[in-house]
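There are 2 protein chains.
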Amino acid sequence: MNRQELIDLIKRKKSFLCVGLDSDINKIPAHLLDREDPIFEFNRAIIDATLPFTVAYKPNLAFYESCGIKGMLSLKKTMDYLSNLKKECFTIADAKRGDIGNTSEQYAKAFLSAEGDFDFDAMTIAPYMGEDSVKPFTIYKDKWVILLALTSNKGANDFQFMEDINGKPLFEKVINKSQEWATKDNLMFVCGATQANMFSKIRELAPDSFLLVPGIGAQGGSLEEVSKYGMTKDCGLLVNSSRAIIFANSSTDFANFAQQEAQKVQEEMGKYLELYMK
Amino acid sequence: MNRQELIDLIKRKKSFLCVGLDSDINKIPAHLLDREDPIFEFNRAIIDATLPFTVAYKPNLAFYESCGIKGMLSLKKTMDYLSNLKKECFTIADAKRGDIGNTSEQYAKAFLSAEGDFDFDAMTIAPYMGEDSVKPFTIYKDKWVILLALTSNKGANDFQFMEDINGKPLFEKVINKSQEWATKDNLMFVCGATQANMFSKIRELAPDSFLLVPGIGAQGGSLEEVSKYGMTKDCGLLVNSSRAIIFANSSTDFANFAQQEAQKVQEEMGKYLELYMK
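Chains as they are written, first to last, in the working numbering: chain A, 1 to 278; chain B, 1 to 278.
In case anyone wonders, no lab produced these hints; they're calculated from the structure. Check each hint, because a few of them may be wrong.
No copy labels: a pair is met if it fits in one copy or bridges any two.
Mimicking EDC-like on lysine to aspartate or glutamate, the simulated pairs with C-alpha atoms at most 20 Å apart in a straight line are [to be verified]:
| id | residue 1 | residue 2 |
| --- | --- | --- |
| 1 | K70 | D119 |
| 2 | K177 | E163 |
| 3 | K70 | D80 |
| 4 | K27 | E105 |
| 5 | K70 | D37 |
| 6 | K177 | D164 |
| 7 | K154 | E180 |
| 8 | K87 | D48 |
| 9 | K86 | D185 |
| 10 | K154 | E105 |
All values derive from a computational prediction rather than experimental measurement.
Using the sequences provided together with the hints, build the complete structure.
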């Protein structure tokens, strides 16, 4: 999906919600566990219920890999299901990969190539290894790199705020430098909602880039602050919520609860789109 | 495998060679391609041929993920095969993962848990997200985190050498800080052989830690320099070679060629162990 299609989707659904499919086998409703593929059944129900309010889905690969081959099969089925909804949602492999050039090429093939088992629109990448570790993810048409910049977790403080002699922190260097490797049409940044006070600064560095924002919901970030300081005339935001939506309830009626939570977030987002998208 | 067992293995085999199983489906010998699982057949032949000269095997996950579910099945079969050789080799998932705490727990379960499909001794981790992204990999007994510090690729220059106001580069901060989270008994560092001039410095920061050293062979680093400046009284090195060994030849006799290359490296290593292990 290209940038304009993504913007159109956001405008049409009046939403910039990304639902994180962190479908932990130990947290999904118990009644699904006797199905042949509980994780896929869970994902399909969540997707069906939340699709009207959601512009992106983001399976975090850790929750699939932790179930081994079986988990990867659940991911494949989920991706096949999402592929049939191509115009209705943007898909993100939350994989946080990155390796030397020839190896990153393989990861890109794994998750961004139409020939592979997992034809995502975008994938998250860690910046530590620099240019040749990132560039291979930029070569697929209408596919996106989403580079970690300022993450939502406590450990973000360990290295991301490290300042150089000019007082410029590492995450700023990542945002600056990476824009030499890709453009706003194929590069987004991960910026945690728990860092909302940094969003004005981030917008100085990347005025037109899309930001993928984890950290609202269970992690406690503020959707209003993110919208106020992070939104652009094209929206420029995909705000993720995982646990607060997908695990809203664990009864047989879980999908309805997830839908209600997604709708609640979408309605708030609709308000902020009117207020701040300019 | 714990630290002492690893050291004993190195002494017994007079080798600190790690063979990188970067088993690219496009590079393995053509005659294997009509087998049911060409990648596994290739790996098994390489392992059988190189085991006497090798202390560790390191599949890079990118080469398996790029083949989708089929590739992950090849990886599982390879790990099952390696599991039967437990006392004979250390196993590393070159995965370069890392995420927020609850998610890193899932990656750790995927690759370090005896209950999972992939029961590796160690896995490589990217440090960008800090403490809570790394710690979940340290909780499994006799399992190891191998943290990226100074990588062998050109892109290493983009961020890893960024200096703080005291002139201390990022990779040094990573080495220092992470030793608050784990010990020499469960934490190693990735330090590229192409950075051999930095090994004295690295030994000041991590005098007793094992280093996983990629970059000899195809990437051009010097085994002698790495040994001279990086070796400790316990060896403290695992030096990886991938392409130069596994793709030494693509005829039906490929395994013999791989064996010869591995033996050549082992013989050189034996010499350096006598010279520098003190």
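Right, here's what the structure says about each hint:
Proximity of K70 to D119 under the C-alpha cut-off of 20 Å is found in both arrangements, the shortest distances being 19 Å within a copy and 15 Å between copies. Within a single copy, K177 and E163 get their C-alpha atoms as close as 15 Å, and across copies as close as 15 Å, so both meet the 20 Å cut-off. Taking the shortest Cα distances, K70 and D80 sit within 20 Å of each other both inside one copy (15 Å) and across copies (16 Å). Taking the shortest Cα distances, K27 and E105 sit within 20 Å of each other only across copies (14 Å), while inside one copy they are farther apart (34 Å).
Taking the shortest Cα distances, K70 and D37 sit within 20 Å of each other both inside one copy (8 Å) and across copies (18 Å). In this assembly of identical chains, K177 and D164 lie within 20 Å of each other by CA distance both inside one copy and across copies; the values are 14 Å within and 17 Å between. In this assembly of identical chains, the alpha carbons of K154 and E180 lie at most 20 Å apart only when taken from different copies (15 Å versus 29 Å within one copy). Taking the shortest alpha-carbon separations for K87 and D48, only the intra-copy value of 14 Å comes in at or below 20 Å, while the best inter-copy value is 49 Å.
Proximity of K86 and D185 under a CA criterion of 20 Å is satisfied intra-copy only: 18 Å inside one chain copy versus 48 Å between copies. Taking identical chains as interchangeable, the C-alpha atoms of K154 and E105 lie at most 20 Å apart only when they sit on different chains, with a minimum of 15 Å there against 31 Å within one chain.
In summary, the structure agrees with every hint in the numbered list given earlier.
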